[in-house]
Amino acid sequence: MEAVRTVCLLLAAGLLGACTAQRSEVAQPGGPPPVEELTQLPPTFADTQALRPLEAFASGAGKTVYVPVYSHVYYLDGRQHLLAATLSIRNTSLKEPILVTSVRYYNSEGFLVKEYTQKDLQIPPMATADFFVEQDDTSGGSGANFLVKWKALKGASLPIVEAVMVSTSSGQGISMISPGRVVEED
Numbered sequence: 001m002e003a004v005r006t007v008c009l010l011l012a013a014g015l016l017g018a019c020t021a022q023r024s025e026v027a028q029p030g031g032p033p034p035v036e037e038l039t040q041l042p043p044t045f046a047d048t049q050a051l052r053p054l055e056a057f058a059s060g061a062g063k064t065v066y067v068p069v070y071s072h073v074y075y076l077d078g079r080q081h082l083l084a085a086t087l088s089i090r091n092t093s094l095k096e097p098i099l100v101t102s103v104r105y106y107n108s109e110g111f112l113v114k115e116y117t118q119k120d121l122q123i124p125p126m127a128t129a130d131f132f133v134e135q136d137d138t139s140g141g142s143g144a145n146f147l148v149k150w151k152a153l154k155g156a157s158l159p160i161v162e163a164v165m166v167s168t169s170s171g172q173g174i175s176m177i178s179p180g181r182v183v184e185e186d
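Residue 186 is where the sequence shown ends in my numbering, and the numbering goes up by one at each step.
Check each hint, because a few of them may be wrong.
Unchecked claim - Below are the DSSO-like pairs computed for lysine-lysine, each with C-alpha atoms no more than 27 Å apart in a straight line:
(1) Lys95 to Lys149
(2) Lys95 to Lys154
(3) Lys114 to Lys63
(4) Lys119 to Lys154
Said to hold, decoys possible - Simulated DEER-style distance windows between Cβ atoms:
(5) Val73 to Val183: 18 to 26 Å
(6) Gln172 to Pro68: 20 to 28 Å
(7) Gly78 to Thr117: 32 to 40 Å
(8) Gly173 to Gly110: 25 to 33 Å
(9) Asp130 to Ser108: 20 to 28 Å
Derived by calculation from the structure, the hints in this document are not laboratory data. Glycine included, C-beta positions come from ideal geometry on N, C-alpha and C.
Let's have the full structure, built from the sequences with the hints guiding it.
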């Protein structure tokens, strides 16, 4: 039994050494810095150099995107399984920011539940803005939705606007993605 334990310890030490060696290979001088693990998304964007004056967007083209969101799903005999939802607005442009002018959350009956944006929000190139609905927030119902209005300068690519719903309980997990659809063009 002692021999098995010794072999396991040596094997674990060898694997740990291999992981450390791989990590140090990535961080060599002159190469790209190692990628750090994200623990929390920042509420604001650090790179403001890519942003434009708000007046620049006055002549920009805009769209309104409808995104279905499920604050719960039904199972078995009509019981509800609650879900947390994240609305993700991803600027896919390499060079141009986009301007989000409105993010509104509506319930199953079509009533406005919450206005997420108090002022225009610029999303820098290749950046993402997230809006979160707590798992215990049932105000939207199973037919909730977001309406996102955005504008971009000529040459900007279309953003990806989608919702991700997740939940875990009793060792089980559920997740789904709901893509946005353009419902109005300016």
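Hints, one by one, checked against the model:
no.	hint	in the structure
1	Lys95 to Lys149	holds, 20 Å
2	Lys95 to Lys154	holds, 11 Å
3	Lys114 to Lys63	holds, 20 Å
4	Lys119 to Lys154	holds, 22 Å
5	Val73 to Val183: 18 to 26 Å	holds, 24 Å
6	Gln172 to Pro68: 20 to 28 Å	holds, 23 Å
7	Gly78 to Thr117: 32 to 40 Å	holds, 35 Å
8	Gly173 to Gly110: 25 to 33 Å	holds, 31 Å
9	Asp130 to Ser108: 20 to 28 Å	holds, 23 Å
When held up to the earlier numbered hints, the structure conflicts with none and fits them all.
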